[in-house]
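These protein sequence lines map, in sequence, to chains P and L.
In case it helps, the numbering used here puts the first sequence at residues 1 to 467.
In case it helps, the numbering used here puts the second sequence at residues 1 to 191.
Honestly, the hints are just simulated from the structure, not real lab data.
In this text, a Cβ means the ideal position worked out from N, Cα and C, and glycines have one as well.
Do not rely on the hints blindly, as some may be mistaken.
In silico contact screen, one side only, chain P against chain L (beta carbon under 7 Å); selected entries [stated by the list, open to error]: (1) N79; (2) Q142; (3) F147; (4) T204; (5) T208; (6) S212; (7) E309; (8) G310; (9) P314.
What follows is each chain in one-letter form.
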Amino acid sequence: MRAILFLCISLWSFSFFCQNKEVLYDFTDLPQSLMLNPGAEINFKFHTGVPFLSQIHINAGLRGASIYDIFADDGRDINEKIEITLNNLTSNDYLTVTQQLELVNFGWRSKRNDRIYFSGGIYQELDAIGYFPKDFAVLAYQGNQDFLNQPFRFSDVSGSGELLMVYHFGYNKRVNKKLTFGARAKLYSSLLHIRSARNKGVFTTIETPQGSNFYQHVISNADVTIRTSGIQSLREIEGETTSEEVKEAVNKLIGRALLGGNLGVGLDIGFTHKIDDQLSVTGSVNDLGLIYYTKDVETYRAQGNYVFEGFETPIQFSGEEAQDFLDELEEAIPLDTLSNSYIVARPLKINGSFKYSFNPDDGSCNCFLEGERLRYLDAVGIQLFSQFRPKRPQYAASLFYHKKWLSFLRTKFTYTIDDYSFYNFGFLLSTHIDKINFYISANNLLEYTNLAKARGASLQFGFNVIM
Amino acid sequence: MKIKNRYLLLCSIVLSILFTSCVKDVDFDQVEDVVLTPVLELDFIYSRFDTDQFIEPGIDSSIIIPEVAINDTLNYDLLGTDFVVDNLEQVELTFEFSNTIERDFTFSFGFLNDVGVRIGPSYTIIANAGMGPGTEPIITNEIIILDNATINVLSEATKLVSSIRVFNINSGLEGVLELKSKGTYFINYDL
Chain P
1 MRAILFLCIS
11 LWSFSFFCQN
21 KEVLYDFTDL
31 PQSLMLNPGA
41 EINFKFHTGV
51 PFLSQIHINA
61 GLRGASIYDI
71 FADDGRDINE
81 KIEITLNNLT
91 SNDYLTVTQQ
101 LELVNFGWRS
111 KRNDRIYFSG
121 GIYQELDAIG
131 YFPKDFAVLA
141 YQGNQDFLNQ
151 PFRFSDVSGS
161 GELLMVYHFG
171 YNKRVNKKLT
181 FGARAKLYSS
191 LLHIRSARNK
201 GVFTTIETPQ
211 GSNFYQHVIS
221 NADVTIRTSG
231 IQSLREIEGE
241 TTSEEVKEAV
251 NKLIGRALLG
261 GNLGVGLDIG
271 FTHKIDDQLS
281 VTGSVNDLGL
291 IYYTKDVETY
301 RAQGNYVFEG
311 FETPIQFSGE
321 EAQDFLDELE
331 EAIPLDTLSN
341 SYIVARPLKI
351 NGSFKYSFNP
361 DDGSCNCFLE
371 GERLRYLDAV
381 GIQLFSQFRP
391 KRPQYAASLF
401 YHKKWLSFLR
411 TKFTYTIDDY
421 SFYNFGFLLS
431 THIDKINFYI
441 SANNLLEYTN
451 LAKARGASLQ
461 FGFNVIM
Chain L
1 MKIKNRYLLL
11 CSIVLSILFT
21 SCVKDVDFDQ
31 VEDVVLTPVL
41 ELDFIYSRFD
51 TDQFIEPGID
61 SSIIIPEVAI
71 NDTLNYDLLG
81 TDFVVDNLEQ
91 VELTFEFSNT
101 IERDFTFSFG
111 FLNDVGVRIG
121 PSYTIIANAG
131 MGPGTEPIIT
141 NEIIILDNAT
151 INVLSEATKL
161 VSSIRVFNIN
171 SGLEGVLELK
181 SKGTYFINYD
191 L
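Sequences are here, hints too, so could you generate the full structure?
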């Protein structure tokens with residue numbers, strides 16, 4: 001019981017995710033647009049992010065419910081609110097958190113060929129998603145009495161979380177007037193990883209009027225796996241609170257960040273195609289790659305079938321040992337701890353956009369930076385985003401309006417429909433003073449005055465030096 | 001200078017938006033009021049007796065045996081975990097006997113600790129006599145409630161002892177006695 005509860009709460013609370021940066025995508029005034037589309041059409045000669053401050057990104061999303069649904073200070077009993085929320089949520093609802101921090105980001109235009117722009121850097125990422133384990137939450141909260149003959153599905157237990165460092169280097173080339181193409185190679189070093197997905201099997205309490213007892217409690221075709229890497233060795237240190245032990249844990253994590261973790265490779269590719277002066281199409285695929293987990297790996301797997309219909313007693317002595325319920329269960333569904341290596345694909349992200357630029361500059365607006373060639377002050381368009389997740393892909397679609405006000409001030413507004421809400425308005429503000437650029441963007445602005453009611457929120461900001 | 005002023009204005013607008021964003025109208029202290037009250041149904045014990053388990057079929061039917069008992073002991077420690085002791089409010093044990101044997105049966109059960117000493121109350125149920133083979137079985141239902149105090153006493157239990165007794169039987173008796181039972185566990189778990 002406690003284990004089920006712990007599982008539900010931990011999956012529900014540690015689970016994190018979505019990486020849609022709809023406001024930043026194709027905002028080519030910022031070098032960070034190259035991280036979303038390595039084939040973005042940028043016009044810089046050189047850029048460098050202010051170390052540790054070039055991009056701070058936080059995104060949290062909760063599909064199906066908000067904090068307010070449960071913790072509203074409205075005088076109602078919290079248990080009643082939990083029950084209502086529990087009934088509304090499905091196992092396709094989830095909680096996600098993504099956090100990224102750019103440590104270094106730099107780029108320069110090739111001296112040999114000014115059509116080519118190189119960029120590279122290092123960023124840290126925490127990304128996690130936990131699906132709501134509806135069936136087991138119901139079992140923990142309401143029990144099986146009202147759910148006889150209904151299966152509780154182990155496939156409801158699904159989630160993943162990872163902390164990693166990414167080292168990347170990208171190439172961006174303006175192939176001709178119409179096409180810009182780019183690619184970015186990535187080297188991942190994973191510090192911590194946990195994942196449980198594609199679990200199988202059901203637990204059912206079946207009424208058996210013709211059977212030996214009132215019910216049969218059946219666990220059928222159970223196959224539940226939790227993979228971890230980087231966690232076992234830290235758990236050994238856990239519990240020790242001496243500064244030496246803490247230092248050891250920190251050193252271990254730093255070592256993993258410096259390419260000492262589980263390594264993987266990946267690729268981003270993207271393009272910008274200008275249909276004519278005013279119309280353009282872009283597309284990108286990010287994190288097409290995998291990580292090979294070989295170090296500090298521990299996988300827990302339970303498989304089997306079990307039927308319980310009570311203890312057969314009193315019976316005449318049959319010569320057999322007395323039954324022991326828990327021993328029998330452990331024998332039927334053994335929990336194996338394995339240390340086999342495993343491979344997991346990175347969550348693939350796909351972006352695309354269609355943009356129409358208008359309102360050409362007649363020269364009266366001092367709206368362009370040196371080297372910029374496009375002379376339109378406004379643009380509108382549509383963007384699409386998808387990300388692969390353990391259960392199914394997530395999607396988002398946005399309408400945007402991009403406005404250049406003055407040479408030092410540009411903004412972008414977005415309206416997005418995604419899994420969380422139909423009323424997601426986003427805003428980006430980018431300023432250039434001398435060569436220093438500051439930008440900030442956020443979405444779900446309508447909910448911003450009370451984040452408790454928000455289903456999701458995303459914030460990113462940073463400083464760059466751009467020439 | 002003008003530009004710098006604008007920049008300052010912008011920054012202050014952005015910062016003020018950031019700082020006005022907040023989480024309000026919520027009370028996280030409510031988490032202390034969260035109570036989980038699942039009701040779990042779990043099979044308890046079952047058994048099935050034919051008359052030949054009490055008396056050899058070959059024995060002369062005029063011989064009356066005054067009492068026959070079947071006693072059994074079983075490992076049982078489901079009430080022993082800390083979680084159960086702290087959070088199990090009540091257990092309802094539901095018994096159903098269905099009998100076609102023309103005798104009453106006396107069923108009793110109780111619990112032992114790990115040194116074999118009986119703890120907690122003993123429970124006895126009389127299963128009513130049936131009307132012979134081929135007739136509709138006579139059903140006897142009984143519910144035994146273990147309250148929180150009893151559950152606390154039984155937390156030391158490691159064995160379940162049970163017995164079934166029947167009086168004045170002979171080899172002419174025929175029929176079947178079936179026992180089914182389940183526990184309904186009422187949990188009250190404060191987070």
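Hint check results:
Interface restraint check for N79 (chain P): the shortest CB-CB distance to chain L comes to about 6 Å, inside 7 Å, so the restraint holds. Below 7 Å, beta-carbon pairs count as interface contacts, and Q142 (chain P) has one with chain L at about 5 Å; its hint therefore holds. Annotation: F147 (chain P) was flagged as interfacial toward chain L, and the flag is violated, the nearest CB pair being 10 Å apart, outside 7 Å. The beta carbon of T204 (chain P) comes no nearer than 12 Å to any beta carbon in chain L, farther than 7 Å, and the hint placing it at the interface is violated.
The interface hint given for T208 (chain P) is broken, as the beta carbon of that residue sits about 9 Å from the closest beta carbon of chain L, more than 7 Å. A cut of 7 Å between beta carbons decides the hint on S212 (chain P): the least distance to chain L is about 5 Å, and the hint holds. Given the 7 Å rule on beta carbons, the hint for E309 (chain P) holds: about 5 Å separates it from the nearest Cβ of chain L. Using the Cβ-Cβ criterion of 7 Å, the hint placing G310 (chain P) at the interface with chain L is satisfied: the shortest such distance is roughly 3 Å.
Restraint check, P314 (chain P) versus chain L: the minimum CB separation of about 4 Å is within 7 Å; hint holds.
Of the numbered hints stated above, those contradicted by the structure are hints 3, 4 and 5, listed in ascending order.
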